[in-house]
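All chains should be modelled from the sequences, with the hints used to inform the complete structure.
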Amino acid sequence: MANAEFEKLKEALRKAPTEEARKEAAEAMRRYLATHSPKSKPTLVSLGYKKPYPTAVPLEEIPNEIERNPAFFEHLREIVEEG
Amino acid sequence: MLLSPLHDLPTRSASGFLIRYVLPRSAPPQLLGPADRRQPFQMLTMGDTIIGVGHGSPSEFCGHNDQVIMDTLSIPDVEGKVLILISCETAKELGPALINAGAASYIGFQEDLVWVMDADLASTPWADKKFAAPVMMPITNCVNTVLDGKTTGEAFAVLIENLAGNAELEEDDLIRSCINFNKKNAVLLGDPTARVRARPKITLPLPPPPIFFPIRR
Numbered sequence: 674m675a676n677a678e679f680e681k682l683k684e685a686l687r688k689a690p691t692e693e694a695r696k697e698a699a700e701a702m703r704r705y706l707a708t709h710s711p712k713s714k715p716t717l718v719s720l721g722y723k724k725p726y727p728t729a730v731p732l733e734e735i736p737n738e739i740e741r742n743p744a745f746f747e748h749l750r751e752i753v754e755e756g
Numbered sequence: 018m019l020l021s022p023l024h025d026l027p028t029r030s031a032s033g034f035l036i037r038y039v040l041p042r043s044a045p046p047q048l049l050g051p052a053d054r055r056q057p058f059q060m061l062t063m064g065d066t067i068i069g070v071g072h073g074s075p076s077e078f079c080g081h082n083d084q085v086i087m088d089t090l091s092i093p094d095v096e097g098k099v100l101i102l103i104s105c106e107t108a109k110e111l112g113p114a115l116i117n118a119g120a121a122s123y124i125g126f127q128e129d130l131v132w133v134m135d136a137d138l139a140s141t142p143w144a145d146k147k148f149a150a151p152v153m154m155p156i157t158n159c160v161n162t163v164l165d166g167k168t169t170g171e172a173f174a175v176l177i178e179n180l181a182g183n184a185e186l187e188e189d190d191l192i193r194s195c196i197n198f199n200k201k202n203a204v205l206l207g208d209p210t211a212r213v214r215a216r217p218k219i220t221l222p223l224p225p226p227p228i229f230f231p232i233r234r
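Chain order of the listed sequences is A and B. Using my numbering, you'd call the opening residue of the first sequence number 674 and step up by one each time. Using my numbering, you'd call the opening residue of the second sequence number 18 and step up by one each time.
Derived by calculation from the structure, the hints in this document are not laboratory data. Check each hint, because a few of them may be wrong.
[What the hints assert, rightly or not] Sample of chain B residues with no beta-carbon within 10 Å of chain A, all distances over it, derived:
#1 A44
#2 P113
#3 G119
#4 G182
#5 D208
#6 L223
[Claimed, not checked] When the alpha-carbon atoms are kept at most 35 Å apart in a straight line, the in silico DSBU-like pairs for lysine-lysine are as follows:
#7 B/K200 with A/K688
#8 A/K681 with B/K109
#9 B/K201 with B/K147
#10 A/K712 with B/K167
#11 B/K147 with B/K167
#12 A/K681 with B/K200
#13 B/K147 with A/K723
#14 A/K696 with B/K200
#15 A/K714 with B/K218
#16 A/K712 with A/K681
#17 A/K714 with B/K201
#18 A/K696 with B/K167
#19 B/K218 with A/K688
#20 A/K688 with B/K167
#21 A/K696 with B/K147
#22 A/K724 with A/K688
#23 B/K167 with A/K681
#24 B/K200 with A/K723
#25 A/K696 with A/K681
#26 A/K724 with A/K681
#27 B/K109 with B/K200
#28 B/K201 with A/K681
#29 A/K724 with A/K714
#30 A/K681 with B/K146
#31 A/K723 with B/K201
#32 B/K200 with B/K147
#33 B/K218 with A/K696
#34 B/K218 with A/K681
#35 B/K146 with B/K109
#36 B/K147 with A/K681
[To be verified] Covered stretches of chain B (in silico footprint by chain A; criterion: 3 or more residues with CB under 8 Å from a CB of chain A, positions within the stretch not fixed):
#37 28-37
#38 62-76
#39 101-111
#40 153-167
Computed from a predicted model, the values in this text were never measured in an experiment. Glycine included, C-beta positions come from ideal geometry on N, C-alpha and C.
This is the structure we're talking about:
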């Protein structure tokens, strides 16, 4: 069953990537991550080449990346839509 | 041919699973780490398979340190070969170009290949059972199905079924999203009845030694 905070993150990512929407999505991501207590260093990675976003982002850094990078906001939206 | 760059976290993670579960069965040449460069790749044309990890775009596929080793304008001899590119987006242009150049079959992805990995396990990426394995083991199983001598259509079915099964079992929403995203974007092109010579089933009794190549963050 989907985590309620993850559903809120999905909802926040559905908006256009304005500065306000990115801040809101970053907060939603922080709340989602707070439901985890990883002992290791989980990192979201991809094998993209010349992408306008990093190909390795530690999960704890995702909220900051959402806030500063509209391309990453949209990349994450495409992924979480499949959740 | 096996192509396994090791220069950053995503290549280290994906290559690690191939090194652990595919390398003992793959025929030479095996271009690992810094050896995964354009010149040897373009020169070495023997073998019936090309199995490669690497960063990719619609028209390009990269080796170690993101050197472009193949693109739609520089396709090596792929006549009759089976290619599996563990990479992003190559199914958009490079995959079709490979089939047009005579490849028997291609398996790859039309959007980003995404997963969560444990950066603390970068020197022993095959041990990342919690985060990376739900995406990487289905890919590894797909590759091994091809090396078992089964058709690429059967191997692709293994990939999709394994991803679907892992998505069903996965409790973490983000990891499940990544699995489903990759399942949606996996592509088989060319002849689904293509197959290559079956290799003996060889597994390493112990994990390989840790990888100590420097990693780019």
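(Q) Given the hinted pair A/K712 and B/K167, is their Cα-Cα distance within 35 Å? (A) 40 Å, violated
Q. When you check the alpha-carbon spacing of A/K696 and A/K681, does it fall within 35 Å?
A. 13 Å, holds
Q.
Holds or violated: A/K712 and A/K681, Cα atoms, limit 35 Å.
A. Holds. A/K712 to A/K681 sits at ~25 Å (cutoff 35 Å).
Q) Would the pair B/K200 and A/K723 pass a check requiring their Cα atoms to be no farther apart than 35 Å? A) 23 Å, holds
Q. Is it true that the CA of B/K147 sits at most 35 Å from the CA of B/K167?
A. Given that 35 Å is the threshold and the Cα spacing comes to 29 Å, the pair holds.
Q.
Tell me if the straight-line CA distance from B/K218 to A/K688 falls inside 35 Å.
A. 50 Å, violated
Q) Holds or violated: is the Cβ of B/G182 farther than 10 Å from all Cβ atoms of chain A? A) 16 Å, holds
Q. Are the Cα positions of B/K218 and A/K681 separated by 35 Å at most?
A. 46 Å, violated
Q: Given the hint that A/K681 pairs with B/K146, test it: the Cα-Cα distance must not exceed 35 Å.
A: 28 Å, holds
Q) Regarding the pair B/K201 and B/K147, is the alpha-carbon distance no greater than 35 Å? A) 22 Å, holds
**Q.** Whether B/A44 stays farther than 10 Å from all C-beta atoms of chain A, as the label says
**A.** 24 Å, holds
Q: Mind checking the alpha carbons of A/K723 and B/K201 for me, to see if they're no more than 35 Å apart?
A: 22 Å, holds
Taken one by one, the earlier hints fail for this structure at numbers 10, 18, 19, 20, 23, 33, 34 and 40, listed in ascending order.
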